[in-house]
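Peer 1: Mind docking chain B on chain A? Use the hints.
Chains A and B supply the protein sequences, listed in that same order. Heads up, the first sequence is in this note's numbering, so the first residue is 1 and it goes up one at a time. Heads up, the second sequence is in this note's numbering, so the first residue is 1 and it goes up one at a time.
Please note: incorrect hints may appear among the correct ones.
Claimed, not checked - Under 8 Å between C-beta atoms, here's a sample of chain A residues computed to sit facing chain B:
1) Leu22
2) Val327
3) Thr331
4) Ala365
5) Thr367
6) Cys369
7) Asp374
8) Ala391
9) Val394
10) Leu406
11) Gly448
12) Arg453
13) Thr462
14) Trp466
Said to hold, decoys possible - If you want the footprint, here are the derived chain B segments under chain A, 3+ residues with CB under 8 Å:
15) 42-55
16) 170-178
What the hints assert, rightly or not - Using C-beta positions, here's what the derived DEER-type ranges look like:
17) B/Thr151 - A/Pro10: 54 to 60 Å
18) B/Pro157 - A/Gly305: 47 to 53 Å
19) A/Pro10 - B/Pro157: 42 to 48 Å
20) B/Thr162 - A/Ala133: 46 to 52 Å
Everything labelled a hint here was simulated from the structure, so no lab data went into it. What you are looking at is a predicted structure, and each value in this text was computed from that prediction instead of being measured. Note that CB positions come from ideal geometry on N, CA and C, so glycine has one too.
So the chains spell out like this:
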Amino acid sequence: MSAAASRNAPRLPFERAARIALQDEATRETVRRATATIRARRAAVVEETPDWAALRAAGEAIRERSVLRLDALLLRLEDAVTAAGGEVHWARDAAEANEVVVGLIMRSGAREVVKVKSLTTDELGLNDALAKAGVEAIETDLAERIIQLADERPSHPLVPSLHRGRPEIAELLREALGEPGLADDPESLLAAARQHLRAAFLRARVAVSGANFAVAETGTVAVVESEGNGRMCTTLPETLVTVMGVEKVVEEWRDLGVLMQLLPRSATGERMNPYTSLWTGVSPGDGPSSFHLVLVDAGRTRVLGDPDGRQALRCIRCSACVNVCPVYRQTGGHAYDTVYAGPIGAILQPQLSGEQGTSASLPYASTLCGACADVCPVGIDIPRILVHERAKVVRRSRPGLDGRALRALARAFSNGERYERAQRTARALQRPLVRSGRLRWFPGPLAGWGRSRTLPGVAPQTFREWWEERERGA
Amino acid sequence: MRVALLVTCLADTLQPSVGRATVGLLERLGVEVAFPRAQTCCGQLHLNAGYPDVASTLAQRFVGVFAGFDAVVAPSGSCAAHVRTHVAAHADDPAAVATRTFELSELLVDKLGVTDVGSRFEGSVTYHPTCHSLRSLRLGDRPESLLRAVTGVELRPLADATECCGFGGMFAVRNADVSTAMLTDKLRHIEETGAGAVCACDASCLLHIGGGLERRGSPVRALHLAEVLAS
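In isolation and in its complexed conformation, chain A is listed as follows (with noise of 0.2 Å):
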């Protein structure tokens, strides 16, 4: 069992969490398996959608309108859900998030919440201010429920047990439901969890969800998930709290038409969401008779602000960027150190904290192959922000010694003369380490080259000496 998983693992940036990760072949191997079983499940369902650059262009368009527009969008969202019987709550952080929803608890009397798998709810830490308040927060998405269980933390943003092995699951199963001879098998598992779940969703008065969209046009809220699990807390207890991210508004009804075949096929590999969950405010005698919206910015406003930045909201949590990733493929996802993990993470998590901390370690994980946005569905340029978020890091820290090496390279390269100059200094430099030819062992921050890799040194005769020798016997 891995200890990065844990909640309680040190925070570190990128590089270092990532060598730890590569250590655990197990677990390497389970998210090996689980992204190569979705990623061909995707593919499949998109080859056969006949129009899928048409959908996938809509789908853009109307993210990208959304996200410029939220502004207006916002406040005809608060309108439309006050004329259906709901109430808005405006949130600037998480800290203002978390003290709206514990109150809201906190007023209703119940001590016990079930809640529908959330990505906003985890970035905001809203588990834990629950807690804090003397709240239980009961996860009914199993892969959430499991993790919870365990103590860990999410490792992939659609299935956050992505890490966990289904011998691990039922072990843990096991022990947390005091069912000792529950068997190993998926159906015996289901059953025993949904047992679990199924008394929670009896008793409880609270629900808090997540968004998947918000339908400014209407006030209509939209949760999408696979397991019935948000149809029952979405309909049985008296209260809804739904926590949203401001970016998830969209304007019209029919701009659903268009996501909803875009997310199932790009995140589970489905040609259709098996539960979609649609409310508008409340009905008398149908569901919850008390309906709050949270609006959370959190940073979202600020990600606005930049041109070059801010398509990163047209996100809609698919994952599919997440599943063909070379790297996450390699490290899992607790090496991010955000609930979102993989390329979006890595765009999207810099921006929301400022390029500060661990995040800062982010855009640099990728080497830029642009898989991730060949299947985004919402066209999001991923490599070229997260070059874009390296220029921020770089400007935002005191240049190290990779830093005035790449100025030092900058200014060999500013013209021919300086440039030649730098190659025989090079050659000479390098010439008590190479042996027949190779570079074999790298100094300072080049180190990490020659742990797998040897280069050629600079050539005895560069191409342009080789041209200029030709010219003058030509």
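Peer 2: Just chain B now, with coordinates in the frame of chain A:
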């Protein structure tokens, strides 16, 4: 046709054989090759490392150095892609710079209209489509169609071919461990083909793959497309 060679700083300095092969191949096909000696680096390294100011300075420089040629060719998918997506924007006529810059297989297939360059290479080869040639330039089948036309070559399919080799410029240094894990998978797949050589359109990725093969004492050679086609 007068074609300027963008040899790339890495090939110029570390793998001159790639540049020489490119020149030899093009001249054999009747192309007049020029080498603007003032060229240094296209700026991709600095842009990707987070120094857009340096990259812009180098891009402006690049535009001046390569002005006035019918075409510019690079034995590097990623440098050609960088010229199109970044450098071109620094020119008075970005579209003109973008459309006259070619990666080698594009120049051969699209501009010169040849797939059989009349070369002979005895041995088995597997082809690794590098990320930028695959997803930025969308080279598609061009390199493999050129390889298939070489007399004597046996082309072997590579498992998980479209996976990145783990180079990523500074990534290979900054995230050396992840880079190594990715490279290890790539090298295993290359060796599993049983081919005597791995071929690609990017000198930089080949520096990485070749450096890994050499480190593990593998007999497999890393060859640039130009080196196979020039033989």
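Peer 1: Which hints from the list above does the structure break, by number from lowest to highest?
Peer 2: Structure breaks no hint.
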